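Could you put the whole structure together from the sequences, leaning on the hints where they help?
Okay, here's what each chain looks like letter by letter:
Protein chains: 2
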Amino acid sequence: MPNPTAAMLVIGDEILSGRTKDANTNYLACALTEAGIDLKEARVVSDDQAQIVDALQALSGQFDHVFTSGGIGPTHDDITADAVGAAFGAKVDIRDDARALLATHYERQGMEFNAARKRMARIPDGATLIDNPVSIAPGFSIGNVHVMAGVPTVFHAMVATVLATMTGGQPLLSETLKVFIGEGDIAGPLGVLAEANPDVSLGSYPFQKDGVYGSNVVARGTDATRLKSVMEQLAKALGVERG
Amino acid sequence: MPNPTAAMLVIGDEILSGRTKDANTNYLACALTEAGIDLKEARVVSDDQAQIVDALQALSGQFDHVFTSGGIGPTHDDITADAVGAAFGAKVDIRDDARALLATHYERQGMEFNAARKRMARIPDGATLIDNPVSIAPGFSIGNVHVMAGVPTVFHAMVATVLATMTGGQPLLSETLKVFIGEGDIAGPLGVLAEANPDVSLGSYPFQKDGVYGSNVVARGTDATRLKSVMEQLAKALGVERG
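Going line by line, the protein sequences match chains Y and X.
Quick note: the first sequence uses full-length UniProt numbering, first residue 1, plus one each step.
Quick note: the second sequence uses full-length UniProt numbering, first residue 1, plus one each step.
None of these hints come from the bench; they were simulated from the model.
Being a predicted model, the structure only gives us computed values, none of them experimental.
Among the clues, some could well be false.
One copy or two, it doesn't matter: identical chains are merged, so the pair holds either way.
DSBU-like mimics (lysine-lysine), calculated; alpha carbons at most 35 Å apart, straight line [said to hold, decoys possible]:
1. LYS228 - LYS118
2. LYS178 - LYS209
3. LYS228 - LYS209
4. LYS209 - LYS118
5. LYS91 - LYS118
6. LYS178 - LYS228
7. LYS21 - LYS236
8. LYS236 - LYS118
9. LYS178 - LYS118
10. LYS21 - LYS178
Laid out in structure tokens, this is it:
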């Protein structure tokens with residue numbers, strides 16, 4: 001059975017202006033690879049409801065799971081919950097369960113549970129809350145969409161919670177062979193091997209540093225024995241030792 | 001007149017598996033912000049022709065410029081040129097101008113100009129070559145799509161070449177106010193300011209480190225005087241000094 005598929009949707013002007021580097025996509029990619037869920041696409045869109053709605057509808061229709069990051073804080077530019085509601089025709093309002101979590105938290109902290117903070121309890125009807133052990137304000141899952149915070153520590157915790165509820169496939173394994181040979185000289189034998197071994201995905205990534213150049217060849221697949229065998233054939237074809 | 005718009009399309013399984021961190025999107029975002037071109041969306045897709053074609057057609061129809069990164073090397077998994085040809089109905093074959101560049105380069109290097117390296121001269125009909133001062137194999141522009149290498153040093157050089165041909169709008173400027181106040185306490189006054197100053201985009205980004213927390217408020221716009229004025233109003237409303 002093929003692995004389940006997933007997409008990532010990063011929401012935020014600060015990524016598109018270059019001010020902030022998105023690290024959540026790479027974090028999710030690594031976590032999904034380990035869980036046996038294939039990340040097939042990632043998108044970054046701005047804090048614009050129409051753009052978020054379009055992306056949510058496209059991705060949720062195409063893939064088994066959609067993970068989002070960003071736009072669930074207390075300020076006016078945090079519009080993800082409303083966009084998700086609009087995308088799936090769900091009413092969005094302050095929900096008692098989320099409000100109770102936040103009220104208790106701010107009371108303990110001696111901080112006012114003001115109107116802005118109450119915005120973080122706005123959750124679409126029918127959604128399930130995602131626990132936030134870092135700063136309490138919850139994420140939520142609705143249908144196949146999992147809405148999480150952009151702050152990396154919170155995002156990491158939420159990914160762990162959501163992944164624990166999913167059935168993954170076989171983890172995608174990889175083997176890397178680093179050779180000090182240019183891509184142009186390995187492409188021939190690599191192409192032949194790729195054709196002969198369709199169950200193993202072969203990719204080549206050139207490097208060049210301090211005048212030394214070469215290629216990292218990566219074999220990906222779910223069967224460790226097959227990866228090893230293909231990499232041995234490649235090393236032999238290129239006349240190199242496997243490190 | 002509004003600024004021109006742009007999208008980024010990153011092509012490569014190695015990004016989606018988590019093996020490689022994409023740094024090209026952030027590089028392009030910063031370069032476009034400086035040039036007065038608004039990056040509106042970024043996507044990452046795998047080395048799959050149908051996925052690349054879909055993304056190219058969607059993005060090139062929606063935005064003024066599309067920049068791509070990755071998949072133009074000599075190996076079997078480098079399929080960007082063919083996907084671009086398929087997306088725009090252009091024939092793709094080894095082109096004399098690109099072949100001549102590469103032939104001269106490999107002759108100088110004393111390296112064989114073999115079939116794999118000739119693949120890098122496969123350019124869609126009607127495209128204009130983009131110079132590659134680092135490793136010669138050219139990128140190309142066709143319509144509003146600019147196809148560039150994934151290797152960061154080459155990508156940077158190609159972005160510089162392409163941007164030099166474009167007319168940008170007004171550079172997007174930003175001012176940041178760092179306050180040691182939680183987002184929940186600044187959201188009220190920030191929302192009022194955002195509503196009253198629609199020409200300035202206000203965003204808030206929380207931070208938390210070593211027990212210290214607060215928010216970076218970023219004002220973005222094209223008029224430095226307006227940004228300064230809005231940030232002064234914000235500092236006054238929050239009762240903080242501007243650093």
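Hints, verified against the model:
1. Taking the shortest alpha-carbon separations for LYS228 and LYS118, only the inter-copy value of 30 Å comes in at or below 35 Å, while the best intra-copy value is 54 Å.
2. Taking CA atoms no more than 35 Å apart as the test, LYS178 paired with LYS209 passes inside one copy only; the shortest distance there is 14 Å, against 38 Å between copies.
3. Proximity of LYS228 and LYS209 under a CA criterion of 35 Å is satisfied intra-copy only: 28 Å inside one chain copy versus 43 Å between copies.
4. In this homomeric assembly, LYS209 and LYS118 come within 35 Å of each other (Cα to Cα) only across copies, at 24 Å, whereas the closest approach inside a single copy is 52 Å.
5. In this homomeric assembly, LYS91 and LYS118 come within 35 Å of each other (Cα to Cα) only inside a single copy, at 16 Å, whereas the closest approach across copies is 57 Å.
6. Taking the shortest Cα distances, LYS178 and LYS228 sit within 35 Å of each other inside one copy (14 Å), while across copies they are farther apart (52 Å).
7. In this assembly of identical chains, LYS21 and LYS236 lie within 35 Å of each other by CA distance solely across copies; the values are 30 Å between and 41 Å within a copy.
8. Proximity of LYS236 and LYS118 under a CA criterion of 35 Å is satisfied inter-copy only: 24 Å between copies versus 63 Å inside one chain copy.
9. Taking the shortest alpha-carbon separations for LYS178 and LYS118, only the inter-copy value of 23 Å comes in at or below 35 Å, while the best intra-copy value is 53 Å.
10. For the identical chains of this complex, LYS21 and LYS178 are neighbours both inside a copy (28 Å) and across copies (18 Å), given an alpha-carbon limit of 35 Å.
In terms of the numbered hints stated before, the structure departs from none.
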